[in-house]
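Engineer: Each chain, written out:
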Amino acid sequence: MIDVVVDIILLTFLATTSIAIMRMTNLFAIVMLFGIFSLLSAGLFVVMDAPDVAFTEAAVGAGISTVLMLATLALVKRPKEPYYDEAPRAHRAWLPLIVVTITGSALVYGTWDIPNFGSPDAPSQTHVARFYLENSMPDTGVPNTVTAVLASYRGFDTLGEVTVIFTAAVAVLLLIGGKRPKPALRSKDEEAQDEA
Amino acid sequence: MRPNLILHVIAKFVIPLIILFALYVQFHGDFGPGGGFQAGVIFSAAFILYSLVFGLETAEKIIPHHWLRILASLGVVIYAGVGIESLILGGNYLDYTLLGSNQIAGQHLGILLVELGVGITVAAAMLILFFAFAGRGRE
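Line by line, the protein sequences give chains A and B.
To convert, count from 1 in the first sequence and add 2; that's the numbering used here.
To convert, count from 1 in the second sequence and add 2; that's the numbering used here.
Hint data in this document are derived by calculation from the structure and do not stem from the laboratory.
Here the structure is a predicted model, which is why all the values come from computation and not from measurement.
Where is the CB? At the ideal position from N, CA and C, for every residue including glycine.
Some hints could be false.
Pulled from the structure, derived: some chain A residues nowhere near chain B, Cβ distances all over 12 angstroms [as the list claims (entries may be wrong)]:
1) E83
2) V102
3) A153
In silico contact screen, one side only, chain A against chain B (beta carbon under 7 angstroms); selected entries [stated by the list, open to error]:
4) G37
5) L77
6) F168
Produce the entire structure from the sequences given, and follow the hints as far as they go.
Structural biologist: Here it is, written out as structure tokens:
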């Protein structure tokens, strides 16, 4: 019962936040609202008994990505006031509205066939989940099945994920990392000093 | 940047707690929610908070860039190394069973090491991303 109340409150806040994001034109405020949106989703994941996912959503979605978006915003802001305003809209909203309506109704239509939340007949419960729940404790001795699956049963997948994160860091370093040379600012005698 | 006393005091109070929490999430991930990914992100959040409050230069003195690059690679090396270690011991790649005296001990050690590798790489990668973005605006 309390779950339903919390769900309704969180979903109301989510809807309010998304409408506010749509109505606003100040990009700084929109980034902050994105962070709040992520935090609310993390709350929903907790209610749905997925604390591991909620953890990641709160730390990455609400924390790191907000900071990264703010840093990006600081790089691309306008030179004079208003710094963070969206560019004025140059087109009508009809085409996006049609696309969103069709996609949205297709998704809602798709939910009709999804089994109820936590239903024992759901494919996610009848496939491999049962095996992991029954065997992870005797196999690995790790009470948190998520960790057992992530690190042991699917260790190879996780190695790939770590490599992806590492590759992302390398790519960012190659693209925008490091000091850019500023030849225009260096005077001749400084260069002579360096060579000496 | 003009120093803000309240921010400084609160940050100095909160940052050790965040790092402690990150270590808890890292090494308690087998028993409670959490693991390397989450711990790495929380750990990097502590340093990002530090550099937001005290400035980028101060943060770079604590963790120089070349360290971050070494750490990001080190995590992947630890992870892949555990796999190679289990190959050398005669098992399959990333089969932790042979790492310990029995299956449970081996799996436990393997999962702990692998999660440590994940945590180190994620924390270093997040800090690399942050410093790359934030450092560019300084020029």
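Engineer: Compare the structure with each hint and give your call.
Structural biologist: Hint check:
A cut-off of 12 angstroms between C-beta atoms confirms that E83(A) is not in contact with chain B; the least separation is 18 angstroms. The non-interface label for V102(A) is consistent with chain B: the shortest C-beta to C-beta separation is roughly 30 angstroms, beyond 12 angstroms. A153(A), annotated as away from the interface, has a beta carbon of chain B within 12 angstroms; the closest lies near 4 angstroms. With a least beta-carbon distance of about 12 angstroms to chain B, the hint placing G37(A) at the interface is violated under the 7 angstroms criterion.
Checking L77(A) against chain B: minimum C-beta separation of about 5 angstroms stays under 7 angstroms; hint holds. For the restraint placing F168(A) at the interface with chain B, the shortest Cβ-Cβ distance is roughly 5 angstroms, inside the 7 angstroms limit, so the hint holds.
Checked against the numbered hints listed earlier, the structure breaks hints 3 and 4; every other hint is satisfied.
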